[in-house]
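**Student:** Spelled out, the chains give:
Protein chains: 2
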Amino acid sequence: MLAVTILGNNSALPAYDRHPTAQLVTLDDQLFLVDCGEGTQIQLSKYRIKWGRINYIFISHLHGDHYFGLSGFLHSMGLLNREQDLHLYAPEPLQEILNLQFKAACTVLPYKLHFHALKEEGLLVKTDKFRVDCFPTKHRIPCWGFRFEQVKAPRKLNPEKALSYSVPSSFFDRLKWGEDYHNNGQVVRNEWVTEPAPKPKSYGYCADTIYDASLAEKIKNVDLLYHETTYLKELAERAASRFHATTVQAALIAKKANARRLLIGHFSSKYDKLEIFEQEAREVFEATDLALEGVTYTV
Amino acid sequence: MLAVTILGNNSALPAYDRHPTAQLVTLDDQLFLVDCGEGTQIQLSKYRIKWGRINYIFISHLHGDHYFGLSGFLHSMGLLNREQDLHLYAPEPLQEILNLQFKAACTVLPYKLHFHALKEEGLLVKTDKFRVDCFPTKHRIPCWGFRFEQVKAPRKLNPEKALSYSVPSSFFDRLKWGEDYHNNGQVVRNEWVTEPAPKPKSYGYCADTIYDASLAEKIKNVDLLYHETTYLKELAERAASRFHATTVQAALIAKKANARRLLIGHFSSKYDKLEIFEQEAREVFEATDLALEGVTYTV
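Listed in order, the protein sequences are those of chains C and W.
Residues in the first sequence are numbered consecutively from 45, following the numbering used here.
Residues in the second sequence are numbered consecutively from 45, following the numbering used here.
It does not matter which identical chain is used: a pair holds within one copy or between any two.
Below, a list of computed lysine to any residue pairs in the SDA-like style, where the Cα atoms sit at most 20 Å apart:
| no. | residue 1 | residue 2 |
| --- | --- | --- |
| 1 | LYS90 | ASP61 |
| 2 | LYS243 | ASP72 |
| 3 | LYS90 | ARG62 |
| 4 | LYS90 | GLU337 |
It should be emphasised that the hints constitute simulated quantities derived from the structure, not laboratory data.
Given only the sequences and the hints, what does the whole structure look like? Please build it.
**Tutor:** In structure tokens:
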């Protein structure tokens with residue numbers, strides 16, 4: 045299962061009850077936090093999302109609207125007595141900023157925070173279930189996009205059949221990942237109670253970026269693509285001068301990348317209404333949705 | 045005129061739609077921001093407060109719930125093209141944190157930010173209209189309280205009388221501050237159109253602190269006192285162990301200080317309802333109010 049929940053869809057200046065960038069990516073049993081603008085912890089609470097299950101955080105770049113909520117979030121997880129390790133992938137200067145903040149507050153987190161500096165394109169983390177890669181985008185400061193991918197998708201379980209073979213429900217998750225069930229010398233073979241897994245799913249997150257056709261290669265064939273659209277198409281010049289993109293440009297990238305669906309966000313505070321963003325993008329790439337806060341987009 | 049608007053009244057972990065500490069102090073024509081927890085800029089917008097008029101910011105200490113909204117606020121003022129100088133009074137380590145954040149984002153603010161490190165008790169800033177002093181409180185890390193005071197209060201203007209003497213309304217502010225009006229050799233004497241100023245008003249902000257009777261001396265005779273009450277009276281032991289205070293302790297300080305009114309806040313996230321805080325404090329000091337977000341308390 046792949047899903048993306050939007051926590052913040054606005055660009056730098058919060059406006060119209062829209063918040064700076066933050067997303068939650070669900071890949072089967074994993075929750076990834078992608079960027080963490082100011083107020084992310086409040087948004088997570090508002091949408092009743094259980095923070096404790098987040099084990100990986102990815103920060104694309106060090107413009108404040110993408111990470112000023114991180115320190116508060118890390119501290120709050122400490123106050124909630126988190127014990128599990130947490131992995132943070134981010135541009136290198138963030139480590140010193142966090143260290144100074146911890147030192148100034150005499151904070152000792154009750155969990156281990158592993159800082160991984162983003163340095164070169166490629167694999168960041170891989171398990172038998174998922175992998176995450178990063179790639180550079182073209183922005184005013186070093187900025188990274190991320191590609192999240194199932195290594196394999198879970199098989200489709202038929203629970204009635206499994207129960208009819210007396211497989212306990214506590215074993216269902218292992219069935220989904222392909223195991224047979226053994227009990228007192230008897231075997232329930234996996235293919236009796238499951239159907240083949242669908243094709244592994246993938247999500248591409250293009251962070252902040254100027255229009256860059258070469259990005260399409262990095263996120264080729266993703267099931268869901270997030271691309272920023274700070275501006276409408278008429279402001280292509282302003283977008284370029286600020287290393288941002290427009291509706292049409294985001295849609296072009298989705299088309300070139302052969303993405304299945306496109307999510308657009310990072311809307312400029314100059315825009316009150318958002319419908320026109322969707323209209324403009326759909327003229328180029330029909331399967332486009334606005335990234336709306338509190339909404340979960342499932343592939 | 046002295047007024048305090050509450051932007052955040054909760055302790056570290058945001059809860060029940062309560063936010064971390066931030067207050068806006070209005071002293072005649074000046075707006076002071078006191079502490080700046082995460083989300084302060086969003087709270088300011090929510091309550092339609094004009095940021096541009098804030099020229100002084102005071103940060104009591106470097107626990108995140110008192111300053112994690114500051115960087116976003118400083119950046120947003122830049123995005124809104126602020127040009128006027130801004131004065132920031134805060135514990136010294138904040139300067140390096142801010143510098144690193146600016147550097148990582150390649151931020152150049154369009155206004156001049158003057159950083160003043162809090163180092164010793166006493167006067168921070170004084171004009172002919174107001175003064176602000178700081179004093180240490182007893183917390184887990186270095187922490188400062190602030191005392192805001194009118195140097196003189198404006199005289200009470202009778203606008204009808206002033207108009208009857210043909211004083212233009214553009215001169216009214218200068219009348220309030222004691223000037224005579226001169227026009228073609230004729231004089232309208234100040235006392236003809238104004239009444240004497242009331243006693244200068246003062247506000248004491250005690251930040252985060254353990255119960256410390258000696259604090260009362262620092263905020264003697266203030267018109268309005270803010271004292272934290274993280275816990276109800278039954279948790280006095282826990283409060284002390286965490287260098288926080290209870291309802292009764294806050295009320296005792298107000299009594300010892302001979303304050304006119306008491307505002308209590310910094311409520312622990314363990315408390316859903318707040319009425320009992322007010323009840324407990326009022327048993328010791330009747331003129332107590334809960335610091336409620338969005339409410340302006342005028343003296």
